[in-house]
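Number of protein chains: 4
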Amino acid sequence: MEIEIATIGGYEEVGRQMTAVRAGDDVVIFDMGLNLSKVLLHDNVETEKLHSLDLIDMGAIPDDRVMSDLEGDVKAIVPTHGHLDHIGAISKLAHRYSAPIVASPFTIELVKQQIQGEEKFGVENDLMKMEAGETMQLGDEVELEFVNVTHSIIDAINPVVHTPEGAIVYGLDKRMDYSPVLGDPIDMKRFREIGREGNGVLAYIEDCTNAGRKGRTPSESVARRHLKDVLYSVQDYDGGIVATTFSSHIARVKSLVEFAQDIDRTPVLLGRSMEKYSGTAERLNFVDFPEDMGMFGHRKSVDRTFKRIMKEGKENYLPIVTGHQGEPRAMLTRMGRGETPYQLEDGDKVVFSARVIPEPTNEGQRYQSERLLKMQGARIFDDVHVSGHLREEGHYEMLDTLQPQHVIPAHQNMKGYAPYVDLCESQGYRLGRDLHATRNGNLIQLVD
Amino acid sequence: MEIEIATIGGYEEVGRQMTAVRAGDDVVIFDMGLNLSKVLLHDNVETEKLHSLDLIDMGAIPDDRVMSDLEGDVKAIVPTHGHLDHIGAISKLAHRYSAPIVASPFTIELVKQQIQGEEKFGVENDLMKMEAGETMQLGDEVELEFVNVTHSIIDAINPVVHTPEGAIVYGLDKRMDYSPVLGDPIDMKRFREIGREGNGVLAYIEDCTNAGRKGRTPSESVARRHLKDVLYSVQDYDGGIVATTFSSHIARVKSLVEFAQDIDRTPVLLGRSMEKYSGTAERLNFVDFPEDMGMFGHRKSVDRTFKRIMKEGKENYLPIVTGHQGEPRAMLTRMGRGETPYQLEDGDKVVFSARVIPEPTNEGQRYQSERLLKMQGARIFDDVHVSGHLREEGHYEMLDTLQPQHVIPAHQNMKGYAPYVDLCESQGYRLGRDLHATRNGNLIQLVD
Amino acid sequence: MEIEIATIGGYEEVGRQMTAVRAGDDVVIFDMGLNLSKVLLHDNVETEKLHSLDLIDMGAIPDDRVMSDLEGDVKAIVPTHGHLDHIGAISKLAHRYSAPIVASPFTIELVKQQIQGEEKFGVENDLMKMEAGETMQLGDEVELEFVNVTHSIIDAINPVVHTPEGAIVYGLDKRMDYSPVLGDPIDMKRFREIGREGNGVLAYIEDCTNAGRKGRTPSESVARRHLKDVLYSVQDYDGGIVATTFSSHIARVKSLVEFAQDIDRTPVLLGRSMEKYSGTAERLNFVDFPEDMGMFGHRKSVDRTFKRIMKEGKENYLPIVTGHQGEPRAMLTRMGRGETPYQLEDGDKVVFSARVIPEPTNEGQRYQSERLLKMQGARIFDDVHVSGHLREEGHYEMLDTLQPQHVIPAHQNMKGYAPYVDLCESQGYRLGRDLHATRNGNLIQLVD
Amino acid sequence: MEIEIATIGGYEEVGRQMTAVRAGDDVVIFDMGLNLSKVLLHDNVETEKLHSLDLIDMGAIPDDRVMSDLEGDVKAIVPTHGHLDHIGAISKLAHRYSAPIVASPFTIELVKQQIQGEEKFGVENDLMKMEAGETMQLGDEVELEFVNVTHSIIDAINPVVHTPEGAIVYGLDKRMDYSPVLGDPIDMKRFREIGREGNGVLAYIEDCTNAGRKGRTPSESVARRHLKDVLYSVQDYDGGIVATTFSSHIARVKSLVEFAQDIDRTPVLLGRSMEKYSGTAERLNFVDFPEDMGMFGHRKSVDRTFKRIMKEGKENYLPIVTGHQGEPRAMLTRMGRGETPYQLEDGDKVVFSARVIPEPTNEGQRYQSERLLKMQGARIFDDVHVSGHLREEGHYEMLDTLQPQHVIPAHQNMKGYAPYVDLCESQGYRLGRDLHATRNGNLIQLVD
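Protein chains in written order, with full-length UniProt numbering: chain P, 1 to 448; chain S, 1 to 448; chain Z, 1 to 448; chain H, 1 to 448.
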């Protein structure tokens with residue numbers, strides 16, 4: 001059976017991930033993501049209203065023209081988890097393929113919201129939920145399986161395409177977490193089986209984000225322990241404490257909520273995306289927040305909440321807000337500029353349970369945001385965080401576990417591939433033979 | 001009563017700490033430390049054999065000539081904890097003063113060993129043990145008290161001199177740890193009392209090492225949780241695992257030992273200073289190591305142990321060795337160069353539970369050491385560590401707790417003082433009035 | 001005679017410089033500057049319309065309240081050169097003092113324009129021109145002298161106040177340039193005389209911007225040679241070449257203009273501040289630009305010029321534009337966003353004859369600007385520049401030349417002072433004795 | 001005609017360069033270099049005494065086993081210039097090939113010395129001089145040509161193999177210098193012709209060292225202008241001035257010598273490699289040093305010279321010495337440690353006309369060296385230097401000039417290739433099609 005892989009997007013950048021696997025006549029697409037930083041370069045762009053071709057020109061969404069070189073039928077579009085760089089282009093591209101969108105329940109829900117927000121295209125693909133551990137027939141001899149992985153968002157999976165020639169494992173976006181705060185540990189047992197059953201693993205597509213970092217990405221429970229240390233240490237403070245983190249990072253939000261209660265503060269989630277992700281997670285029973293916990297997205301309700309907090313006493317609340325990257329319009333930045341009813345005072349604490357994404361634009365915005373916060377007397381706690389991506393040791397372990405015939409680095413540019421290429425070569429792979437450093441828009445023929 | 005402070009060493013550098021406080025006729029000296037990096041600049045220097053004046057000229061030990069301007073009798077020499085930058089010059093300078101050396105039990109023991117190693121001077125000062133919480137009369141109206149603090153070595157204290165004019169608190173080398181792995185939490189309650197009793201705090205001398213870092217130094221228990229994550233993650237590995245950390249960091253060594261056992265490996269401590277510090281701590285009952293745990297310092301016994309490990313299987317052991325900074329003669333560096341019987345193999349793990357001290361010399365040596373280790377196939381886990389020094393938020397809290405009339409930054413150069421000066425000014429202090437950025441060899445008259 | 005120095009602004013930051021010297025009853029004020037970055041933190045602030053007190057609160061202009069503690073009459077307000085951090089607050093503060101503004105001709109002209117732009121206050125102080133080398137009587141025994149120095153703007157001077165107790169030299173903002181491209185070399189001969197005549201130098205106030213950088217700041221002629229290398233290397237290119245630099249840096253603009261002609265391109269200056277500074281310099285005969293060289297400030301005329309360039313061929317022009325820091329509204333940034341009629345094409349060259357001011361906000365904006373330019377195919381040449389501030393070796397030389405009794409570091413925060421303090425101490429000064437690390441709002445009594 | 005390229009060494013590192021080109025039956029080898037940093041990892045290694053296989057195992061010299069897969073006869077071994085990473089393995093590997101070593105006159109001389117120093121192998125290959133601009137027949141239809149280029153060593157060339165299928169240009173180690181201080185400008189005219197004659201350029205092998213740096217590498221004349229500024233600025237200093245640079249950088253040494261004379265100091269070259277390179281260059285008439293200028297290599301004569309300098313007055317001399325990277329045994333480091341008769345005093349100047357090679361080992365050593373020099377009062381001038389390797393703009397220009405069908409990045413690891421890959425792709429090349437990011441030990445079949 002012919003096996004081909006189209007590396008459509010995310011092979012020259014982080015963002016706008018998209019990959020297609022053809023096994024015989026059956027094609028499955030993994031991810032259709034957005035490169036947000038390309039959008040933000042342009043002032044006042046509303047992606048909801050833009051046409052695909054313009055977004056492709058901007059480098060914001062995958063250029064899927066290579067799909068026309070791929071003979072076969074698309075049987076499924078499979079976003080691996082709910083981050084925008086993996087689902088953000090679905091509303092722009094999915095309608096071109098007559099195939100269902102298959103994803104884990106939380107991811108499906110986020111895709112649904114994404115599609116509802118779209119103003120240009122009507123996306124009417126079926127939305128199918130499939131849990132980690134489940135499988136789905138794509139063709140006579142081709143099957144799709146979801147393996148549970150751990151990442152900085154819940155309900156993330158790694159999809160596997162089983163073919164007579166071996167399995168193709170799409171390994172993007174995970175860390176090896178044996179004690180995640182929410183959900184199950186990564187299913188290394190199943191990966192080990194896949195590495196050994198039938199013809200083993202034909203190809204492994206790997207996320208190189210942290211490939212150059214030594215050691216192991218710590219478990220979410222390490223971040224949780226760190227966060228606990230921070231929040232417990234200020235439990236006697238009788239002024240304002242504010243926290244921010246990635247809105248989609250439900251496990252972290254959960255930890256924040258719990259420690260808020262431990263130190264006798266009422267947690268409240270504020271900001272459009274805070275409400276969106278946590279609300280969705282709660283509705284789908286992924287997380288159990290306190291019954292009366294407020295979540296507010298619209299600016300008016302947020303400001304009303306802030307007024308109430310000011311009235312009842314800042315010392316009774318822990319607002320968990322958007323703005324960890326210093327985004328100019330996020331809640332925390334507005335607080336720094338004094339645009340909300342919440343008055344920061346000398347000694348108030350602001351906890352960034354997030355890392356600045358290391359790019360000068362973010363660094364500049366975050367710096368501005370911190371300066372504004374400090375001018376009002378706030379004290380910054382930063383980097384209370386661990387990454388969601390494998391480091392060096394995790395990569396060694398995945399190779400050892402899966403023993404893939406071919407390896408395809410992804411989710412980076414060439415510079416980002418470099419340490420992973422070295423790592424693979426130290427394990428016997430050879431660039432250009434069974435290790436494929438590739439680019440957007442390429443086809444890799446694995447079996448012909 | 002006249003109160004004067006002599007800032008003798010460690011006010012232009014990290015290292016060779018020494019400060020004297022005169023209250024009326026009674027003088028107490030805090031710390032007599034060594035600046036090791038000044039020694040290492042010179043090849044083949046053996047400090048044991050050098051005269052004080054040469055070491056002063058090299059900038060390696062405090063220049064205590066300002067002591068002759070200080071009228072009064074030295075009543076006690078008080079090292080605050082057992083790190084070399086606080087006790088390393090005792091053997092070179094203490095004999096000039098006819099006063100006992102007063103310190104916590106663990107510190108006294110290390111001072112004793114320091115004196116025994118000295119080849120140039122006979123130091124015969126009395127060695128007196130005093131526990132945290134205890135006090136000692138220095139003069140009619142002057143009393144010395146030890147307050148328990150938490151640092152990266154056990155049995156650290158902050159000494160306080162009580163005078164009719166108020167207390168002088170010598171605050172060097174601590175973090176605010178409420179859940180240390182060994183010993184009691186920092187005694188903030190007592191600091192709060194000292195800040196409020198009698199005339200309050202006249203002067204506070206503060207360690208500025210991390211003054212420019214945002215937020216709070218995490219508890220040792222956060223490092224422990226991180227370390228656990230690392231070691232548990234490799235529990236199925238059937239080859240060599242080696243760890244290194246600061247030898248004097250008994251709490252960390254204890255965590256390493258315990259997690260070694262958890263993953264079914266016999267811990268063994270190797271290297272001269274590993275044996276020294278851990279042996280001393282165990283003898284004094286500060287820590288309870290497994291009865292049969294080996295500790296070996298002499299190269300011959302170390303190599304014999306390595307031979308045994310190779311014979312019985314590396315997978316059964318976890319050697320905890322010296323060499324976290326890539327010191328050329330330390331055990332781990334020797335292992336990297338293949339100079340020991342321990343054979344590193346592809347995939348073996350080396351855990352640095354330490355941070356590179358950020359200075360180009362260390363960075364160069366550590367880099368060389370890691371390259372050698374990697375050439376043999378080792379995989380590096382680094383930065384499994386937290387600092388022992390207060391960051392920004394701890395400094396705010398100490399000022400709030402003690403409410404000192406005068407503040408004296410220490411344990412840094414002018415550049416290192418800078419963020420602490422800003423911090424104090426944000427709390428109402430004013431440089432040159434009640435905030436004293438000073439230099440080695442100065443006298444500060446607080447009450448005349 | 002009593003001598004006092006008030007360190008009003010620029011002693012905790014770079015920006016909003018202001019210092020007053022009192023000699024007996026005569027007071028002279030040096031600089032009244034603006035801290036632009038404080039203004040930019042706030043959206044949509046128009047400084048022209050703001051009241052002094054609001055600007056003081058923002059930290060944008062000097063807080064001159066300490067002036068009320070200074071007995072004596074202000075006899076002159078002396079801006080040392082035309083940069084905004086030295087003259088930008090004159091329109092907000094000068095009217096409070098009934099004294100003339102005395103400055104070199106180019107600086108006076110810029111002050112005049114500054115005052116004309118002011119919308120809140122009517123500043124009616126006399127404007128007096130005084131050339132380098134000239135003197136002016138301030139009181140019976142007190143005289144003001146201007147010494148010629150070299151900086152990144154023309155007609156910069158260091159003012160000296162001669163008193164019976166010795167000279168006070170205000171040394172801000174210079175480099176030691178013996179072959180500047182415009183104007184005379186620094187007058188080290190006069191400094192040497194001042195160091196030796198009468199009672200010598202009582203106090204020297206020094207600019208610490210580059211105190212921590214090794215060696216010597218290169219001459220402007222080194223930057224010119226570098227720039228020549230860059231522009232000559234692209235002389236065969238037949239597309240667009242664009243250059244940007246500090247608008248006030250007339251010597252650099254002159255070099256750009258000359259090399260443009262050498263490679264057969266018509267230079268044209270575009271952008272509001274380009275027109276302002278170069279126009280002023282030309283009108284005052286400081287520089288001789290080609291007679292027909294265009295300078296356009298208003299957006300309309302700029303765009304008209306761009307249209308003409310596009311029509312007549314980009315290969316015939318070298319636009320010299322604003323935007324070297326990536327300022328969002330500057331000309332080059334607009335070109336990057338495609339908002340001007342000038343079309344960048346693949347291979348076009350953009351020369352940044354400037355350095356990014358090392359602060360995350362600028363770095364972020366400049367990064368954005370470069371990304372936009374590159375997306376259109378432009379190729380960036382950066383850092384074709386030398387600083388206008390003394391490095392280490394210049395500081396040594398000034399101390400040796402003036403042999404001041406007292407030294408007062410300025411133009412930095414405490415961290416920026418640190419290397420200069422070390423340097424002075426290596427030359428025998430002592431912090432707190434004759435070396436005064438001070439803060440905004442202090443009075444230093446030198447003779448009483 | 002079959003055309004193959006073997007990428008033997010320097011495709012995963014900087015150092016141990018070696019590449020072979022086969023055109024039909026004729027093979028030519030470019031470079032046989034040493035990776036010095038691999039040697040220095042090991043203590044006390046003397047490469048002169050080591051066997052090739054051990055050096056290959058250490059990664060110190062190219063692993064040329066792939067040569068056995070290359071059918072055809074080696075007709076010439078062509079080192080492109082005299083740096084060790086290009087000629088340092090000749091004494092270990094050349095004897096395996098019965099072919100002459102063909103190089104420019106200066107390079108040949110250095111190869112000869114290299115061979116004479118070898119203690120393990122007898123290398124007896126013919127040494128043939130060939131000038132830039134000359135050609136040599138390798139086979140019936142295959143010709144070798146040398147094109148003059150500019151680099152940080154004199155007499156550097158880029159070899160070109162002319163075949164019926166087009167030219168293969170080996171482009172390692174050059175900058176585009178139109179006003180070099182010694183020798184002719186780069187011969188871009190000839191490159192342009194080669195790009196257009198016959199079948200044009202089949203393949204171009206490019207040095208990626210600085211591919212990620214914006215703009216253009218400045219001409220050596222820019223470094224010269226900078227150096228002049230530094231040395232002229234200290235012409236009135238009446239103490240010691242010492243300079244250091246790359247010994248093989250004859251143009252820089254020449255500038256140092258000339259400026260020494262301009263400021264009335266006698267230049268003298270000290271250190272083994274200073275004598276070697278400059279002596280060779282003078283003997284071959286590449287440079288014209290003052291007749292009586294001393295050059296001393298042996299430690300005894302160096303020390304004798306230092307004694308004479310001390311006696312006759314340091315103010316009369318400018319020693320130009322080895323040690324720019326802080327190498328522990330180099331002359332300047334010995335001076336820093338006070339091991340030579342030359343006494344540094346407070347205020348003496350040390351000029352590093354070199355850049356620290358950015359690797360932690362060098363950075364650590366250089367830092368140590370500077371600290372030692374400063375402890376003796378020396379003042380450091382650093383980075384008076386420009387690189388010898390093309391930056392971004394030079395790469396664009398070479399592609400435009402040669403218009404090669406295939407491009408092969410070299411002289412870097414994968415991370416170093418990354419920006420060059422991006423650059424080539426922006427010019428229409430495509431990774432894996434006509435852009436070959438390869439590794440040591442590969443064969444690339446261009447025509448079969």
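Source of the hints: derived by calculation from the structure; they are not laboratory data.
One or more hints might be untrue.
Intra- or inter-copy, both count: the list cannot distinguish identical chains.
[Unchecked claim] Below, simulated EDC-like cross-link-like pairs (lysine to aspartate or glutamate); rule was C-alpha separation at most 16 Å, straight line: (1) 374 - 46; (2) 189 - 134; (3) 189 - 236; (4) 374 - 425; (5) 214 - 382.
Fill in: Numbered hints the structure breaks, given as an ascending list
Those not satisfied come down to hint 1.
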